[in-house]
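Modelling step: build the complete structure from the supplied sequences, incorporating the hints.
Chains as they are written, first to last, in the working numbering: chain A, 36 to 283; chain B, 18 to 283.
No lab work stands behind these hints: they were computed from the structure. We treat Cβ as the ideally placed atom computed from N, Cα and C, and that holds for glycine. Treat the hints with care, as some may be off.
As the list claims (entries may be wrong) - Distance condition first, Cα-Cα at most 20 Å in a straight line; then the derived SDA-like pairs of lysine to any residue:
1. LYS245(B) / LYS58(B)
2. LYS142(A) / GLU156(B)
3. LYS164(B) / LEU85(A)
4. LYS143(A) / SER161(B)
5. LYS219(B) / TYR280(B)
6. LYS245(B) / PHE46(A)
7. LYS143(A) / ASN59(B)
8. LYS110(A) / LYS164(B)
9. LYS143(A) / PHE165(B)
10. LYS248(A) / GLY278(A)
11. LYS109(A) / SER159(B)
12. LYS142(A) / SER161(B)
13. LYS58(A) / PHE46(A)
14. LYS63(B) / GLN146(A)
15. LYS158(A) / SER174(A)
16. LYS255(B) / THR145(B)
17. LYS164(B) / GLU140(A)
18. LYS245(B) / PHE42(B)
19. LYS63(B) / LEU138(A)
20. LYS77(B) / TRP127(A)
21. LYS219(B) / GLU121(B)
22. LYS58(A) / ASP87(A)
23. LYS217(A) / PHE238(A)
24. LYS63(B) / THR129(A)
25. LYS143(A) / MET114(A)
26. LYS63(B) / TRP127(A)
27. LYS164(B) / LEU138(A)
28. LYS58(A) / LEU94(A)
29. LYS63(B) / LEU50(B)
30. LYS142(A) / LYS58(B)
31. LYS164(B) / PHE238(A)
32. LYS63(B) / GLN132(A)
33. LYS109(A) / PHE42(B)
34. LYS143(A) / SER159(B)
35. LYS255(B) / SER134(B)
36. LYS214(B) / ILE117(B)
37. LYS216(A) / SER201(A)
Said to hold, decoys possible - To give a feel for the contact side, a few chain B residues facing chain A, derived at Cβ under 7 Å:
38. SER149
39. GLU151
40. GLN200
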Amino acid sequence: MIELIDICKSFNGVPVLKNISLKIRTGEIFVIIGMSGTGKTVTLRNISGLEDPDSGEILVNGTRMNGASQSVKKKLRSMMGMVFQSGALLNWLTVGQNVALPLVENKKLPQDKIDETVMEKLKLLGLNQASGKMPSEISGGMKKRACLARVLVRNPDIILYDEPTSGLDPVMSSHINVLIKKMQTDFGVTSVVVTHDMESAYFLADRIAVLYKGEILQCGTPAEIKESSNPVVAQFVNGRIDGPIAVN
Amino acid sequence: MSKFLRYINNLLAGTGAGLIAKIRFTGFTMLLLLSAIGYMKNFWGKRHDIILQMYNAGVKTFPVVSVVALFTGMILSLQFGVEMRVFQQQNLIGHAIMVILTREMGPFMSGIILIASMGAAIAAEIGTMKVSEEIDALELMSISPVKFLVMPRVAAMMIMTPIVSVYIIFMGSLGAALIANTQLGVPYNIYYFNAMKGLHMKAIYVGVIKSCIFGLLISAVSCAYGLKAGNGALGVGKGTRNSVVASFILVLISGYIITSIFYGQK
Ligand SMILES: Nc1ncnc2c1ncn2[C@@H]1O[C@H](COP(=O)(O)OP(=O)(O)OP(=O)(O)O)[C@@H](O)[C@H]1O
Ligand SMILES: [Mg+2]
Chain A
36 MIELIDICKS FNGVPVLKNI SLKIRTGEIF VIIGMSGTGK TVTLRNISGL EDPDSGEILV
96 NGTRMNGASQ SVKKKLRSMM GMVFQSGALL NWLTVGQNVA LPLVENKKLP QDKIDETVME
156 KLKLLGLNQA SGKMPSEISG GMKKRACLAR VLVRNPDIIL YDEPTSGLDP VMSSHINVLI
216 KKMQTDFGVT SVVVTHDMES AYFLADRIAV LYKGEILQCG TPAEIKESSN PVVAQFVNGR
276 IDGPIAVN
Chain B
18 MSKFLRYINN LLAGTGAGLI AKIRFTGFTM LLLLSAIGYM KNFWGKRHDI ILQMYNAGVK
78 TFPVVSVVAL FTGMILSLQF GVEMRVFQQQ NLIGHAIMVI LTREMGPFMS GIILIASMGA
138 AIAAEIGTMK VSEEIDALEL MSISPVKFLV MPRVAAMMIM TPIVSVYIIF MGSLGAALIA
198 NTQLGVPYNI YYFNAMKGLH MKAIYVGVIK SCIFGLLISA VSCAYGLKAG NGALGVGKGT
258 RNSVVASFIL VLISGYIITS IFYGQK
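Written out as structure tokens, the structure reads:
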């Protein structure tokens with residue numbers, strides 16, 4: 036279970052997250068939607084301990100993440116993976132080496148076992164042809180899938196996805212969505228998914244939270260969000276141009 | 018009046034905040050260097066990365082180092098030689114050149130060249146990794162960026178700076194000999210004989226210590242600026258520039274301190 040209690044975070048005096056409180060249950064797929072620049076990535080970075088909030092508490096399975104010592108953070112992160120918006124692959128390693136990196140560096144498996152696991156995950160994500168390529172030679176969507184493969188080889192209990200399907204074609208998007216679901220049903224993985232794509236959100240989510248200007252407007256099941264009476268939520272999920280959200 | 022007071026207030030606050038940030042960054046750099054040295058127990062496991070960085074520092078800078086060292090030797094030889102010829106002492110040019118190269122110019126020039134090539138590259142590379150979330154990804158995979166990125170660079174620079182410095186001394190002497198022979202009419206064997214007399218054991222080990230410290234400082238500072246880079250490509254550029262300036266100043270200051278420790282008046 037991941038709990039966010041009264042999280043506030045500002046950058047250079049500009050508040051980005053304002054008193055965010057969320058409870059993400061174990062084994063659930065929790066989707067965060069919201070406009071660009073509302074702090075979705077910042078929320079994920081806070082959950083993973085990459086950034087600490089200015090105030091509030093983040094509990095991962097009951098252990099406090101923010102302000103924890105490096106060894107506690109390391110322990111919490113060992114069961115956590117994050118799919119970055121940009122892929123975040125190391126550019127001097129091949130795709131295969133990138134995916135193998137966490138296993139090679141943490142030396143838990145023999146080399147042949149590593150190769151086997153890496154190949155299996157690459158196949159799962161349709162990347163077996165790209166194994167020997169450098170990150171600069173593959174597309175943005177492939178980078179994102181390689182990043183997901185790198186997360187999956189570690190078998191984490193919690194996976195944070197930062198827009199896992201943006202930049203992917205519809206078929207690949209569906210494939211990734213099914214995969215996220217499969218991680219939940221087969222391995223009981225808890226997922227936090229940030230997305231802009233309402234179709235993915237409805238398909239994936241057990242619950243959806245709508246983030247708007249640093250606050251949670253509404254948090255509920257897909258059905259509840261779909262039927263929302265909140266004008267901002269209704270405008271956002273239906274992608275209407277007229278409504279309280281002004282683009283400027 | 019209150020406007021003036023507010024101005025003073027802001028000025029003081031700004032200066033103080035800047036100072037605190039500088040001190041904090043210095044502390045960060047020192048801790049980074051210490052933990053990188055601590056991680057050197059993984060030297061053998063990381064040997065491939067270290068060798069790659071040594072290749073970058075040594076082999077890739079080889080052409081520029083050769084040219085710079087050769088011409089520095091030639092310039093020194095010409096400038097000194099012309100003066101020494103006034104006193105009919107041009108035969109001793111080898112001695113003077115060797116002393117100045119081993120004591121000061123070798124380590125100093127290797128430091129400067131490696132700042133421009135390796136230091137800038139390290140800061141830009143790690144800075145780019147930082148702004149494209151790669152460092153964050155490493156941290157989330159429980160891979161220490163210090164062990165994975167910083168230690169191999171620090172180790173490689175600590176090894177390569179003395180080697181480059183020795184090579185600079187060699188090439189500089191060669192260039193100086195060339196000029197001594199062609200412009201000043203000093204025979205090669207006389208040049209060589211006097212050069213060897215100018216080669217002191219103490220200058221060599223002080224030079225090696227100095228270069229090692231330069232290598233440690235340059236790599237740690239460059240890594241620190243890279244790791245603290247922010248704001249996209251702009252931040253990487255700024256971090257790289259600051260790292261070059263800071264490394265340069267550090268090399269000068271630490272060079273002076275080491276010289277005064279070993280050669281200063283007791
Ligand atoms: N390190 C930082 N320094 C300063 N400002 C930051 C930093 N990180 C994020 N911000 C600011 O916080 C706000 C939220 O950023 P965030 O990346 O979380 O947006 P997002 O919701 O993920 O948007 P997108 O959908 O475009 O990815 C932005 O206005 C951004 O400028
Ligand atoms: Mg984002």
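Hint by hint, here is what the structure shows:
no.: 1; hint: LYS245(B) / LYS58(B); in the structure: violated (25 Å)
no.: 2; hint: LYS142(A) / GLU156(B); in the structure: holds (16 Å)
no.: 3; hint: LYS164(B) / LEU85(A); in the structure: holds (18 Å)
no.: 4; hint: LYS143(A) / SER161(B); in the structure: holds (16 Å)
no.: 5; hint: LYS219(B) / TYR280(B); in the structure: holds (10 Å)
no.: 6; hint: LYS245(B) / PHE46(A); in the structure: holds (16 Å)
no.: 7; hint: LYS143(A) / ASN59(B); in the structure: holds (16 Å)
no.: 8; hint: LYS110(A) / LYS164(B); in the structure: holds (18 Å)
no.: 9; hint: LYS143(A) / PHE165(B); in the structure: holds (17 Å)
no.: 10; hint: LYS248(A) / GLY278(A); in the structure: holds (15 Å)
no.: 11; hint: LYS109(A) / SER159(B); in the structure: holds (6 Å)
no.: 12; hint: LYS142(A) / SER161(B); in the structure: holds (14 Å)
no.: 13; hint: LYS58(A) / PHE46(A); in the structure: violated (24 Å)
no.: 14; hint: LYS63(B) / GLN146(A); in the structure: holds (16 Å)
no.: 15; hint: LYS158(A) / SER174(A); in the structure: holds (17 Å)
no.: 16; hint: LYS255(B) / THR145(B); in the structure: holds (12 Å)
no.: 17; hint: LYS164(B) / GLU140(A); in the structure: holds (10 Å)
no.: 18; hint: LYS245(B) / PHE42(B); in the structure: holds (9 Å)
no.: 19; hint: LYS63(B) / LEU138(A); in the structure: holds (15 Å)
no.: 20; hint: LYS77(B) / TRP127(A); in the structure: holds (17 Å)
no.: 21; hint: LYS219(B) / GLU121(B); in the structure: holds (12 Å)
no.: 22; hint: LYS58(A) / ASP87(A); in the structure: holds (18 Å)
no.: 23; hint: LYS217(A) / PHE238(A); in the structure: holds (12 Å)
no.: 24; hint: LYS63(B) / THR129(A); in the structure: holds (18 Å)
no.: 25; hint: LYS143(A) / MET114(A); in the structure: holds (15 Å)
no.: 26; hint: LYS63(B) / TRP127(A); in the structure: holds (15 Å)
no.: 27; hint: LYS164(B) / LEU138(A); in the structure: holds (15 Å)
no.: 28; hint: LYS58(A) / LEU94(A); in the structure: holds (9 Å)
no.: 29; hint: LYS63(B) / LEU50(B); in the structure: holds (17 Å)
no.: 30; hint: LYS142(A) / LYS58(B); in the structure: holds (16 Å)
no.: 31; hint: LYS164(B) / PHE238(A); in the structure: violated (41 Å)
no.: 32; hint: LYS63(B) / GLN132(A); in the structure: holds (15 Å)
no.: 33; hint: LYS109(A) / PHE42(B); in the structure: violated (24 Å)
no.: 34; hint: LYS143(A) / SER159(B); in the structure: holds (13 Å)
no.: 35; hint: LYS255(B) / SER134(B); in the structure: holds (16 Å)
no.: 36; hint: LYS214(B) / ILE117(B); in the structure: holds (13 Å)
no.: 37; hint: LYS216(A) / SER201(A); in the structure: holds (17 Å)
no.: 38; hint: SER149; in the structure: holds (6 Å)
no.: 39; hint: GLU151; in the structure: holds (5 Å)
no.: 40; hint: GLN200; in the structure: violated (47 Å)
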